[in-house]
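Engineer: One letter stands for each residue in the lines below.
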Amino acid sequence: MFRIVKSEMLCENISQIVVEAPRIAHTCEPGQFVIVRADETAERIPLTISDYDREAGTVTITIQIIGLSSMKIAKFQTGDFLADVTGPLGQPSEFVNEDIEEVRKRNYLFVGGGLGTAPVYPQVKWCKEHGVPFDVVIGTKSKSTLIMEKEFTEVGGEHYFLTTDDGSYKHKGMVTSVMEELIAEGRHYDVCVAIGPMIMMKFAAKTALAAGIHTIVSMNPIMVDGTGMCGACRLMVGGEVKFACVDGPEFDASLVDFDGAMKRMSLYKTEEGRAYLAAKEGDTHKGNCGNCD
Amino acid sequence: MAIDMMKKVPVREQDPKVRATNFEEVCLGYDVKEAQDEASRCLNCKNPKCVEGCPVSIDIPGFIQEVKNARFEKAAEIISRSSALPAVCGRVCPQESQCEGKCIRGIKGESVSIGKLERFVADWARESGIKPKVDAPKKNKKVAVIGSGPSGLTCAGDLAKMGYDVTVFEALHKAGGVLVYGIPEFRLPKDKVVEPEVDNVRALGVKIETDVVIGKSTTIDALLEEEGFDAVYVGSGAGLPKFMGIPGEQALGVYSANEFLTRNNLMKAYRDDYDTPIARGKKVVVVGGGNVAMDAARTALRLGGEVHVVYRRSEQELPARVEEVHHAKEEGIIFDLLQNPVEILENEDGWVRGIRVIKMELGEPDESGRRRPVEIPGSEYEIECDTVIMSLGTSPNPLIPSTTKGLDTNRRKCIVADEATGSTSKAGVYAGGDAVTGAATVILAMGAGRAAAKGIDEYLSGKSE
Chain A
14 MFRIVKSEML CENISQIVVE APRIAHTCEP GQFVIVRADE TAERIPLTIS DYDREAGTVT
74 ITIQIIGLSS MKIAKFQTGD FLADVTGPLG QPSEFVNEDI EEVRKRNYLF VGGGLGTAPV
134 YPQVKWCKEH GVPFDVVIGT KSKSTLIMEK EFTEVGGEHY FLTTDDGSYK HKGMVTSVME
194 ELIAEGRHYD VCVAIGPMIM MKFAAKTALA AGIHTIVSMN PIMVDGTGMC GACRLMVGGE
254 VKFACVDGPE FDASLVDFDG AMKRMSLYKT EEGRAYLAAK EGDTHKGNCG NCD
Chain B
39 MAIDMMKKVP VREQDPKVRA TNFEEVCLGY DVKEAQDEAS RCLNCKNPKC VEGCPVSIDI
99 PGFIQEVKNA RFEKAAEIIS RSSALPAVCG RVCPQESQCE GKCIRGIKGE SVSIGKLERF
159 VADWARESGI KPKVDAPKKN KKVAVIGSGP SGLTCAGDLA KMGYDVTVFE ALHKAGGVLV
219 YGIPEFRLPK DKVVEPEVDN VRALGVKIET DVVIGKSTTI DALLEEEGFD AVYVGSGAGL
279 PKFMGIPGEQ ALGVYSANEF LTRNNLMKAY RDDYDTPIAR GKKVVVVGGG NVAMDAARTA
339 LRLGGEVHVV YRRSEQELPA RVEEVHHAKE EGIIFDLLQN PVEILENEDG WVRGIRVIKM
399 ELGEPDESGR RRPVEIPGSE YEIECDTVIM SLGTSPNPLI PSTTKGLDTN RRKCIVADEA
459 TGSTSKAGVY AGGDAVTGAA TVILAMGAGR AAAKGIDEYL SGKSE
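Protein chains in written order, with this note's numbering: chain A, 14 to 306; chain B, 39 to 503.
There are no misleading hints in this set.
Listed next, the in silico DSS-like pairs over lysine-lysine satisfying Cα-Cα at most 25 Å (straight line): (1) K88(A) <-> K306(B); (2) K71(B) <-> K46(B); (3) K276(A) <-> K280(B).
In short, the hints are calculated from the structure, not lab data.
Let the sequences and hints guide you as you build the complete structure.
Structural biologist: Shown next, in the form of structure tokens:
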């Protein structure tokens, strides 16, 4: 059992939980994720790590409430226990294990969309702590859905660019429009890391790749065990089958088959898809699977 | 009624038509009378061949004589000297090619039903509340066991009996490894059989820490250098599922057998009170012919599908146990033999709508000694289906070798370990089971765990001197 140290709603449908998990907090790095099981009957859901405190032995996870499974987790209060938190899983971000001198010579462009804002945070924080130059672009639907503004302002300062789809706060438009502006201003980037909804990553990657920037995206397919056993998270990367849980979750965007991945995801992430699933899964479809989230 | 000495006392099973619609155990096991009758068939050989056939060398005639004389507790004690998981082994060991395969009774008639007797004794002991005992003095040395499957549990149990302080690390949320995620409820009941056997290992003083992925949450090097463990046993099991690399494998409704079985067994998708879903295919094609393929097929059948097993060789070459194939057929699984998939077909929603297969014929024997299947040109046709389950085996998980300094792997990426002692290229690190051999059986993994426990004991005893 894993004790929740803090649980709070960041906006109407996004909850953030700080949980005691000393082993994970001790070894996790930016880019990695955990598998969470709320209680005995719940699913195993992959969630990216959005912060960690090695000394306190805690990790922070951020969850968007869509289905009942995410609701289950979000309902937990400070002092409650999660049945299981396993990890850290997946490969750390590329720069973590590279020669830091080389990494410092590069300029990074981080792009986060919606819930994808959360996993961008530990990467940006790491860069700040290690003296790696970066800009970070965060996009969200509107002011009311914005998360972690304080944290990003602290580590990002003048390198933090915010945009809302509806223009209710700061810049108006998609993340790609900010990316284009920054590039047009003559800013040079060596690496772009884009995390968010699949469609956002596809277009952010397109924009960055068109500017000749090496681009990384973080894939979040369906998983069951998360340790390389079930193969549910397989996706095509550079024409090869890869497992997001052990080979990823971050991949070279130029090699990712976004449309194929979106097709697999669409089933779980759209209304029509879920209705379709309900028919296929019969009475085993409980309508509350974490994968619908 | 007199006992026919030439034949096994038949074991009661659920009716095939009934069991095809439920997840209750297929085989009902012997009652006391049946067990004693069957035990009376044992010749109590002076030089028992059956023991040679057992990877953990259970004193088979010894325990069977006790059954015959209705001293079941004594029988259980004899088995527990050699096996930590008798209720499991009595159910899933391939006895026909091991102990029973060597039984002298089997020369003229049917061998003694050793597996069913083992199961009877183990079930009797559990129902009677008998727990294994430890009386060895504490050794004040710590051993880490990675993986709580059959290999890890056996190694851990043996070491605990010798007095070692043992901690098992399990990546999943539940202990048992393949016994929990892989083998279905109808062959191996989880709450009734697996959990109590795991508890028996705990009763020996073994600690089990779940949700720890070695190679990620911590490493073998950290266990040895920072957490004070004196030796490590790697029983991490098989790994990533294989796919064929044919078009359409990314379609929705294509599962690996591991995913399909994990959803159903570990996550209990078949039960209403658990959240995890699974595709209830109306027409399901399982590709492969091993025990895992049989488990996947029989699970899909119970979820309500018409199930076809597509296998590229003939029935004779099916790698699954004869009993499993027999049970599958009884339940209504259709075997499409000598055919091989060439493409998975999708509908406009991206969901599986069929599979295109090509017919095969058997040619010359290959390196495995089995006749090589050869495609018959122009024989392709489509099988309509909405779910495809790929059961083609696994390739080793690189997590541990890639994070442990000085741990050698072979060409197949399996950990290299000495068969007799389990020792690896790294001092203090031992390995066995599927992580070393590639996918094999429960009992072979247990045998390796047992050998490694001896190896570790020798290593640590020598170290203290």
